[in-house]
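Note that the protein sequences, when read in sequence, are chains A and B.
Under the numbering used here, the first residue of the first sequence is numbered 5, with each subsequent residue one higher.
Under the numbering used here, the first residue of the second sequence is numbered 2, with each subsequent residue one higher.
If you're looking for bench data, these hints aren't it; they were derived computationally from the structure.
One or more of the hints may lead you astray.
Residues on chain B that point at chain A, a partial pick, calculated with CB under 7 Å [stated by the list, open to error]:
1) I35
2) T38
3) T141
4) T144
Covered by chain B, according to a simulated footprint, are these stretches of chain A (three or more residues, beta-carbon under 8 Å) [said to hold, decoys possible]:
5) 42-53
6) 56-67
7) 106-116
For each label pair, taking beta carbons as the anchor points, the in silico distance ranges come out as [as the list claims (entries may be wrong)]:
8) B:A187 - A:K134: 24 to 32 Å
9) B:I165 - A:K134: 49 to 57 Å
10) A:A221 - B:W42: 55 to 63 Å
11) A:A74 - B:S227: 36 to 44 Å
12) A:G255 - B:S227: 27 to 35 Å
13) B:I306 - A:K134: 32 to 40 Å
14) A:R293 - B:W42: 53 to 61 Å
Virtual Cβ for every residue (Gly too), placed ideally from N, Cα, C.
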Amino acid sequence: MTDGRIVVSGLTKHYRRVKAVDDLSFEVEPGRVTGFLGPNGAGKTTTLRMLLNLVTPTAGTATIGGRRYADLADPLRQVGAVLEASSAHRARTGRNHLRVICAAAGLPPRRVDEVLTLVGLTPAANRKFKGYSMGMRQRLGIAAAMLGDPRVLVLDEPANGLDPEGIRWMRDLLKGLAAEGRTVLVSSHLLSEMQLLADDVVIIAAGKLVTHGPVAAVVDGMADAGQVRVRTTQPEALVSALGPRAQVRPGPDGALLVTGVDAPAVGAAALRAGAELHELVTEKPDLERVFLELTAGKEAIR
Amino acid sequence: MTAVTATSLPPATGASQPGSGRASHLLRSELLKIRTTNTWWVFLIGVFLATALAATVWIAVGNSQINTAVAAGGEEFVPPEDAPEAQVEIMRQQFELSQDLTRTLHDVAAEIYTSGQFFGLLFAMLLGILLITNEYHHQTATTTFLVTPRRTRVVLAKLGTAMIGAGFFWAFATVLSIAAGAIFLAAKGYGIQLTEWPVLRAILLNALAYGLWGVLGVGLGVLIRSQIGAVLTGTVAYVIGTFLIQQVVFALYFLLDWEWVLDLMVLWPGVASQVMISPEPPYPQSPAWWVGVLVLVAYGVGFGIIGTLLTRRRDIS
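The shape of chain B in the complex, shown without the other chains (with noise of 0.2 Å):
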C-alpha cells in the first residue's frame, strides 16, 4: 500500500495553520473552474456580437448627431403652441444640448464607449448564475463545502470571482469599442474624448455596472437553485421586465401625468444602470446619474447578502 501514502505532502496541520479556505486558494479554484468549462468563451462571443453591433449603431446615430451640433448656428427654440409647460421644457433641454457641440462629443463618446452594455450586462449577471447554479446542477456543492466548510468564505469568493469575470467582459467590450469608437471620431477630426470627466465617468460607471450585475447573477443564483429556473429568471426579468416597466411608467405619465413614477423608475436595476452611466438623462426627469449607482449598489449588496445567510443555512443534499 505505498502508493496510498502521499509522499508529496508535508505533514498535516493543526488548527494553528489555516490552508483551506484562504481567500486567493478560493479565488484561484473558482476562477479554475470558470477555465475548465467551454461557458466563459461562448459568453465571450456573446459579448464580442453584443458591442460590435451596438458600437456600428451608436457610430451611426453619433454621426448625425455631431452632424447636427456642427451645423447648429445662431438658431432659437421655438416652443410648440398646445404642448404642456412640462414638455416644452423637456425639449428646450434636447434642443439645447444638439446645439452644443462639445455635450454631444461627450455624449456620443460616452455612448459609443459603453457600447454592447445592454447584452454585457446580461452576460455578467448569466457567469453570475451559472456560478451558483453549477454547483446545484452537477451536485459539486456537496465536494466545494466539503473542501470549504466555511460556507461564507465560498459565497464571498463566487461574488469576487463574478466580479472579475464580469470585469474581464468590460475590458473586452471598452476595448473593442474605445478602438471602433476612436477611429470614427478621428475620421470626423476630432479627439477621442477619454480625458474628459463625463466620458471617462460613464466608461468607470459601466464597469462597475458589469461587477455588480454579476454581483445579482449570483444572488438569483442562490434564491432559485434551478440552472433552468434562474436563467429564465433573470433574462425574461432583464429583457421583457426592462422593457415593460419602461412602457408602463411612461404610460402612467402620459395619461394620468403622474410625474413622480419617472423618478421611481430608476428603482429597477435595469432602468439603473442605464442613469448611471449617460453623461446625458437618458430619459426626461431621470435622476442624477449616482441615484442609479446607489440603487445598483444596493441591490448588489442586497443580493449579497441574501446569498450568503441563505447559502450558509441550507442543507446540502
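Just chain A, with the same shape it has in the complex (with noise of 0.2 Å):
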C-alpha cells in the first residue's frame, strides 16, 4: 500500500522545438488538495501525463508513494484521474463506459452503480454519452476516477464547463476526499476557484517551477502587494501624520490606497492627526494577483 505521496523529480519533456516542461520538481502531500496552476501552455497537462506514464519524459521521474505508474500493481486501486472531459466513445453509455473500465481493471461490477451514485448520474446512467451535457461528461469522469476507491486523484481542470452549482460539488467532494486523508492533486486556471478549494498550490509557468507551499504561504510572501484602503474627510492631515514609509496613491471615490504601512499604523496616525476615519481597510492580496505577478512576463505561446 503505498502512502499517496507524489514526487515530481527532475521531469523534464522537450518536444521538437519546446521545452514543454524543464526541470520540474515538487512533492504533494496526502491529506491536502493541492492547486496546479499556470498559464495555458504553461506544461501542466504534460507533467500530468508523464506522472501518469501516458507521456514519455526525456528525463526525470514521477512517483506515487514511491512507484512509477507503469509499475502500480492496480493502478485504478491506487490512482484515479479524470483528464479530458470527452473521453468516452459517443454511442456507448455512461454505465456501458463505466463497466468496460471496471471490466479491465478487474473490479467488482456492483462499483459502477456505486460511483453512478456519487456522482448523482444515475437517472442519465443508461443515455449515450453524446447526449451528455458538460457537466455530466465531468460528473462521468470523475465516476471513472472513483471506480478503484484511489488513495490517489489528478485531475486536470475538472471544473471546466461546470456550472456554478456544479463547481461547488466539486469542491465539497475534492475537499471531503482530501479530509478522508486522499492525495488530491488539482490543475486549473481558475484562480478564484483555487483559492477556495486548494490547500497548497505549485505554479508553474513555461514549464518551469515558479513557487509553490501552502496557498496562505505563497500569497502572504507577496507582501509587497497588501495595501490598506482609507478614507477620510482630511487627506493632507493623514497623509502628513503617515510618514515617509507610506507611499499613498488616490483610489476610487476620494479614497487612499496605501502601501508600505499596516492598517493599526494608518489608524494610530489618524488619531494622532485628528483625522475623521470613513473606511480602513486591509486588501490582502489574493491568489489571482499573486499568481499575475509572479507568472508576468513568461510567455504564454512558446
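Got two chains here, each in a separate frame; can you build the complex from them with the hints?
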C-alpha cells in the first residue's frame, strides 16, 4: 500500500522545438488539495500525463507512493485520474463506459452503480455519452476515477464546463476526499476557485516551477502586494501624519491607497492627526494577483 | 462523505497481486467495448448479405460445373494449334479438372462453403481497424492506458479480440453457406463433402484468413490513427488494390511473358488469402495453398509486432 505521496523530480519533456516541461520538481502531500496552476501552455497537462505514464519524459521521474505509475500493480485501485471530459465513445452509454473500465481493471461490477450514485449520474446512466452535457461528462469522468476507490486523485481542469452548482459540488467532493486522507492534485486556471479549494499550490510557467507551498504562505510571501484602503475627510493631515515610509496613491471615490504600512499604523496616524475616518480596510492580495505577478513576462505561447 | 468510501471493495493490494492487466480481464473489456456499440451487428448484416449473394452465385457456377463433369466421358483434350506451350498446359489442366467429378465436387463445395470471403475479410479488417482507431477517435486511449499501463498487454488483447470477432463473422458466414451448399448438393444427389480433406482444409483456412485479416486491421489502425484514413486506406488497398495488382500482373505476364510475376503476386495479402483457401489453383501458376498461409501469417505477425512497438513508444495526448 502506498502512502499516496506524489514526488516529481527533475521532470523534463522536450518536443522538437519546445521545452514543454523543464527540470520540474515538487511534492504533493496526502490529506490536502493541491492546486496545480499555470498559464495556458505552461506544461500542466504534459506534467500530469508524464506522471501517469501516458507521455514519456525526456528526463526525470515522477512517482506516486514511491513507484512509477507503470509499476503500480493495480493502478486504478491506487490512482484515479480525470484528464479530458470528452473521453468516452459517443455511442456508448455512461453505465457501459464504466462497465468497460471495471472489466479491464478486474473490479466488481457493482462499483459501477456505486460511483454513479456518488456523482449523481444515476438517472442518465443509460443514456448515450453524446447526449451528455459538459457537466455530466465531467461527472462521468470523476465516476470513472473513483471506480477503484483510489488513495490518489489527479484531475486536469475538472471545473471546465461546470455550472456554479457543479463547481460547488466538485469543491465539496474534493475537499471531502482530501479530508479522508487522500492525495488530491488538481490543475486549473480558475484562480478564484483554487483559492477556495486548494490547501497547497504549485505554480509553473513556461515549463518551470515558479513557486509552491501552502496557499496562505504563497499569498503572504507577496507582502508588497498588500495595501490599506482608507477614506477620510482630512486627507492632507493624514498623509503628513503617516510619515515617509508610507506611499499613498489616490484610489476610487476619493479613497487613499496606502502601501508600506499596515492598517493599525494608519489608524494610529489618523488619531494623531485628528483625522476623521470613514473607512479603513486591509486589501489582502488574492491568489489571482499573486499569480499574475509571479507569471508576468513568462510567455504563454512559445 | 460516507458515500465516497467504497464499502464493496476489498482493501487495495500491493505489488504482489496483479489484478488489472490480466489477459482474461482485458479480453472481457475489449469484447464489452464491441458489444456496447452498434458496429458489430452492422458488420454482421454486411457479412450476411455478402455471404448470401456469393453463395447464390457459387451454387449457380457449381451447378454448371457439376453438370459438365457428369456429362463428360471419354473426350480427349484437343490442344489449339497456335497457342504457346505454357498456355496449352494450363488449358489441359483445366480440361482435366472439368472432366473429374470428384475434384469438381471438392472445388464446388469449397467455393460454396467459403462464400462471402471477399467482403467477409474486409469486415474482419475493418473491425480490427475500429478496435484501435476508436480509442484515438473518441479519446478513450487515455482511459485504456490508465487502466493498463502495460501497453503491450492492451495491444495483445486487441489482437485477440480482433481474432475472436473475426472468428465470429467466419462462423456466421460458414454456417450460412454450409446450410445453403448442403441443400444444393443434396438436391443434386451428392454428399455434403465436409469429410473431404480439401474441402475441410478450405473451411479451416478460411477461419485463419478471417482471424489474420482482423490482425492486419489492428496493425493498420496503429499505423494510421485517423479512423477515416485507416478505413479508406484499408478498403481501397483491399478492394481496388487486389484488382489492380491482378490486372497489372496478368498484363505483364501476357505482354512480356514474365512468368515470375505470377509467383510474386501471392505476396499481396488479398491474393494470398485467395490462394490459401482454394483447393484448385485460383489462377494458373498459382503457388500451393500453404504459400498463401505463410504469406498471410507473416503479414499478421509483422503488423502485430509493429503495432505493439509503436503503441508502446507513443505519447498519448
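Evaluated hints:
Hint status for I35 (chain B) relative to chain A: violated, with the closest Cβ pair at about 10 Å, above 7 Å. Hint status for T38 (chain B): holds, given a least beta-carbon distance of 5 Å to chain A, under 7 Å. At about 6 Å, the closest approach between the beta carbon of T141 (chain B) and any beta carbon in chain A falls short of 7 Å, and the interface hint on this residue holds. With its C-beta approaching chain A no nearer than about 6 Å, T144 (chain B) sits inside the 7 Å limit, and its interface hint holds.
With 3 residues bearing a CB less than 8 Å from a CB of chain B, the segment 42-53 of chain A meets the requirement of three and the coverage assertion stands. Proximity of the segment 56-67 of chain A to chain B, defined as three or more residues with a beta carbon under 8 Å from a beta carbon of that chain, is established by the 5 residues found. Beta-carbon proximity to chain B at under 8 Å applies to 8 residues in the segment 106-116 of chain A; the threshold of 3 is reached and the given coverage holds. Checked against the hint of 24 to 32 Å, the pair A187 (chain B) and K134 (chain A) fails, with Cβ atoms roughly 50 Å apart.
Under the hint 49 to 57 Å, the C-beta atoms of I165 (chain B) and K134 (chain A), about 27 Å apart, miss the expected range. Between A221 (chain A) and W42 (chain B) the CB atoms are about 60 Å apart, so this pair conforms to the stated range of 55 to 63 Å. Under the hint 36 to 44 Å, the C-beta atoms of A74 (chain A) and S227 (chain B), about 27 Å apart, miss the expected range. The hinted range of 27 to 35 Å is not satisfied by G255 (chain A) and S227 (chain B), whose Cβ atoms lie roughly 57 Å apart.
The hinted window of 32 to 40 Å between I306 (chain B) and K134 (chain A) holds, with their beta carbons roughly 35 Å apart. With their beta carbons about 58 Å apart, R293 (chain A) and W42 (chain B) fall inside the hinted range of 53 to 61 Å.
Violated hints, in rising order: 1, 8, 9, 11 and 12; the structure is consistent with all others.
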